[in-house]
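Residues per chain are reported as follows:
Number of protein chains: 2
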Amino acid sequence: MTTFVDHASAIDELKAALGEKVSVNETIREHHSKDESFHTPRLPDAVVFATCTEDVATVLKICNKHRTPVVTWGAGTSLEGNSNPIHGGVSLDLSQMDKVLRIGHADLDCTVQPGVRRKQLNEVLSTHGLFFPVDPGADATLGGMAATGASGTTTVKYGAMKQLVMSLTVVTPSGDVIVTSRRARKTSAGYDLTHLFVGSEGTLGVITELTLRIFGIPEAIAAATMQFATVRQAVDGVIEVIQLGIGVARIELLDSDAVMAVNKYSQTNLPEKVLLLLEFHGSAESNAIDIAAIREVLERYSGTDFTQTTDESERRKLWQARHDTALACRSLVKNARNFATDVCVPISRLSDCIEATQKDLAESQLFGPIIGHVGDGNFHVVFSVDPDDHSMVERMEEFHTRLVGRALSMEGTCTGEHGIGVGKIDYLVDELGNEAVGVMATIKKALDPNRIMNPGKIIADTFF
Amino acid sequence: MTTFVDHASAIDELKAALGEKVSVNETIREHHSKDESFHTPRLPDAVVFATCTEDVATVLKICNKHRTPVVTWGAGTSLEGNSNPIHGGVSLDLSQMDKVLRIGHADLDCTVQPGVRRKQLNEVLSTHGLFFPVDPGADATLGGMAATGASGTTTVKYGAMKQLVMSLTVVTPSGDVIVTSRRARKTSAGYDLTHLFVGSEGTLGVITELTLRIFGIPEAIAAATMQFATVRQAVDGVIEVIQLGIGVARIELLDSDAVMAVNKYSQTNLPEKVLLLLEFHGSAESNAIDIAAIREVLERYSGTDFTQTTDESERRKLWQARHDTALACRSLVKNARNFATDVCVPISRLSDCIEATQKDLAESQLFGPIIGHVGDGNFHVVFSVDPDDHSMVERMEEFHTRLVGRALSMEGTCTGEHGIGVGKIDYLVDELGNEAVGVMATIKKALDPNRIMNPGKIIADTFF
Chain Y
63 MTTFVDHASA
73 IDELKAALGE
83 KVSVNETIRE
93 HHSKDESFHT
103 PRLPDAVVFA
113 TCTEDVATVL
123 KICNKHRTPV
133 VTWGAGTSLE
143 GNSNPIHGGV
153 SLDLSQMDKV
163 LRIGHADLDC
173 TVQPGVRRKQ
183 LNEVLSTHGL
193 FFPVDPGADA
203 TLGGMAATGA
213 SGTTTVKYGA
223 MKQLVMSLTV
233 VTPSGDVIVT
243 SRRARKTSAG
253 YDLTHLFVGS
263 EGTLGVITEL
273 TLRIFGIPEA
283 IAAATMQFAT
293 VRQAVDGVIE
303 VIQLGIGVAR
313 IELLDSDAVM
323 AVNKYSQTNL
333 PEKVLLLLEF
343 HGSAESNAID
353 IAAIREVLER
363 YSGTDFTQTT
373 DESERRKLWQ
383 ARHDTALACR
393 SLVKNARNFA
403 TDVCVPISRL
413 SDCIEATQKD
423 LAESQLFGPI
433 IGHVGDGNFH
443 VVFSVDPDDH
453 SMVERMEEFH
463 TRLVGRALSM
473 EGTCTGEHGI
483 GVGKIDYLVD
493 ELGNEAVGVM
503 ATIKKALDPN
513 RIMNPGKIIA
523 DTFF
Chain Z
63 MTTFVDHASA
73 IDELKAALGE
83 KVSVNETIRE
93 HHSKDESFHT
103 PRLPDAVVFA
113 TCTEDVATVL
123 KICNKHRTPV
133 VTWGAGTSLE
143 GNSNPIHGGV
153 SLDLSQMDKV
163 LRIGHADLDC
173 TVQPGVRRKQ
183 LNEVLSTHGL
193 FFPVDPGADA
203 TLGGMAATGA
213 SGTTTVKYGA
223 MKQLVMSLTV
233 VTPSGDVIVT
243 SRRARKTSAG
253 YDLTHLFVGS
263 EGTLGVITEL
273 TLRIFGIPEA
283 IAAATMQFAT
293 VRQAVDGVIE
303 VIQLGIGVAR
313 IELLDSDAVM
323 AVNKYSQTNL
333 PEKVLLLLEF
343 HGSAESNAID
353 IAAIREVLER
363 YSGTDFTQTT
373 DESERRKLWQ
383 ARHDTALACR
393 SLVKNARNFA
403 TDVCVPISRL
413 SDCIEATQKD
423 LAESQLFGPI
433 IGHVGDGNFH
443 VVFSVDPDDH
453 SMVERMEEFH
463 TRLVGRALSM
473 EGTCTGEHGI
483 GVGKIDYLVD
493 ELGNEAVGVM
503 ATIKKALDPN
513 RIMNPGKIIA
523 DTFF
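The listed protein sequences correspond, in order, to chains Y and Z.
For the first sequence, our numbering assigns the number 526 to the last residue and increments by one with no breaks.
For the second sequence, our numbering assigns the number 526 to the last residue and increments by one with no breaks.
Check each hint, because a few of them may be wrong.
Pairs count within a copy or across copies, as identical chains cannot be separated in the list.
Below, computed lysine to any residue pairings styled on SDA-like, alpha-carbon distance capped at 25 Å [claimed, not checked]: (1) Lys181 / Gly307; (2) Lys181 / Leu306; (3) Lys123 / Val491; (4) Lys127 / Phe525; (5) Lys219 / Phe193.
Hint data in this document are derived by calculation from the structure and do not stem from the laboratory.
Note that the coordinates shown come from a computational prediction; the quantities given were computed from them, not determined experimentally.
Just chain Y, with the same shape it has in the complex (with noise of 0.2 Å):
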């Protein structure tokens, strides 16, 4: 590929018409040359801090011209390197562009800038009954998530990104500001351009304003768990719920290992077997039909210790404990970093694929908790590693391309929700063939033929 050489100049000229949100800072740097994964750092030549989507094309343009990689930044929470700027460049950083700008009670949308975080917005939105259903393990940044593609435990109910952003403005390479879609709730006005963006990692232009659907809080909210000996009994009895159409809003899988490193960190004592975590969103009664409903098929496959709260405290501590299972299971190992799979197959299949890695945890002799989001088929054996331990890594990687070829294998996906980044680049063309990631690779040349967008990312260098 194209080889990255000195920006010197490029940087100049963005001094020259940003000033002081230029910063050249080794610690600065240092702070966004890594995400959250085990992917080897590198520092950007420059970090700019954009606060207005002016600024973001004034970056581009000055960048396009001096064929300068750009790599987004939002809060660097990502998985798989995908805002590693590998090629050096400029690491654009929208983490200052963390306004909520409107609010759509009737609607049920709110439009936002990218560097708002999740949690920030449902802060926001809860104040006026409403909330944002995403929720990535991480306090990712909203602009992130739907670069990203992101999804979470509530996805089963509410859908992903995909689902819920319903328009983007975004800049161009060439530092065009575009807006996607317009506010309404369906279109069928020319080419997806949203769905174009979400997910495209930051190869094909900057998003720097998110319209998004919310929803009214639940009347109710219920939680519940239920425990089982194996894995092929909770995941056979999620397939039934689904199928019947039960109303849940989550449902999530931890395996024994999970919840023993889960108990570790959070001081929580669930008991140390397949755990399937629930969450029902609706009305006293509606939840109640529900909860009946899945408890009934649960026990079919012998789920045991039905367990529900309503207590709103002791709710936000279950999910709490889920979502910090990785931080958990990083725990365990010193100078670890996360090193993600993220599979995702045909639900019909997960009994299988999650059993057929058990087996291999085993066999390799590695030590990998799982977690999954079953009601969609998605699931991660969470990896903790030092960076710095090669042999493990390579490990780690050879059972990664085993659990990829196993899920493809089974018309599965790869990457249910942490995107390409420079991980699973090959597995893409496992996974959709030369000629899809051909189309892709047209796509990105025609709109970033200069590729300073984010390059080495999503798309093999062989494309180029």
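Fit chain Z to the supplied structure of chain Y, relying on the hints for placement.
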């Protein structure tokens, strides 16, 4: 734009490759010259009846070599000239690719060929207790529905084609066959090619297989109607219903002119006031809760004469009458064809938009019954016109321009579900601007450099 001239040598080559699947019969060409709209018919130079993906690839390779336009044909039920071969060339008829290939009970998905029609699919699915919800008025093909980005009366609950297409097999203009996504329920693997082709109206490639989300037929279905003196009362009631998150599967509005037309055509005797038609999908218990809640809300907005039924034949009659509205309106005008309007606005602006539109109708002395998918903010003024009545067509076009301007001023779109076709090309630029349409044109030029795929649709000639 490129002038498309004689395609004789392309047709000779097609005949050599595909034999009797290629027809130049006048009657057959005439049948493929127009959709259901008033837009000017144009005979294709030939019609090819493809029976498999390989046939489609053969057609595209040959036509790409000869720069012969290819316009894909399903059921010919589009409403904006989307399938009219306005530059001649080949009409590629996929109606013989009409097999339901796979039904995934456990995964609630199915795979179909593009020529399968929606009623046919639901007949097959119903024997398994399953259904596919998207229901445009016509008995369209699934391929056409995906290409148009169609939706229908159940979109408020289940989503539109955009939400329910999981994966597509597509033949690109150069004849490559790609699959846009795996069969997992969610994925973040690369650019979202699925959504790029959904709604692209055959301008980027030809869909030859679709994997769709399907649903279990609800345990209980109930329909209800309610009457209102004004559109504002009805729509303001609907806004509150949506805000409260009351579970409704269909919530359709007919104004009194639409009810009158339906009564005449379908021998129903619905009261000729503003009518809301509602449907509820759930259990008998959950439907009863939802119906009580919705009735309470709508009565506060002066809704009267509440009726409800769970009788299947009554329900079917009601929805068939609703689906026949366009036919009903057409039956009132001699030699009439459809002049469809399709704006969609944020629901908070829907009363304003419909009221102003009714006023405009009265002032313009145009008869235009209004039907609306009001839960989505989408409504149609259902014009019927004799295409040879040029002065009437012109008056309707002027009205349409005012209607679109009104919707755009309310942050809406010119098309909620019919697509751009030939009728809304200029509105697309008004709606999204030159830069955004320019991005679409860049993609089009990159993927279809010889501009053979349905030329003259979606993107104005001035972009080429």
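Tested hints:
When the C-alpha separation of Lys181 and Gly307 is checked against a cutoff of 25 Å, the pair qualifies only between copies, where the shortest distance is 23 Å, while the shortest distance within a copy is 29 Å. Taking the closest pair of Cα atoms, Lys181 and Leu306 come within 25 Å of each other only across two copies (23 Å); inside a single copy the shortest separation is 32 Å, beyond that limit. When the C-alpha separation of Lys123 and Val491 is checked against a cutoff of 25 Å, the pair qualifies only between copies, where the shortest distance is 24 Å, while the shortest distance within a copy is 32 Å. In this homomeric assembly, Lys127 and Phe525 come within 25 Å of each other (Cα to Cα) both inside a single copy, at 23 Å, and across copies, at 24 Å.
For the identical chains of this complex, Lys219 and Phe193 are neighbours both inside a copy (14 Å) and across copies (19 Å), given an alpha-carbon limit of 25 Å.
Every hint, counting from the list given before, is met by this structure.
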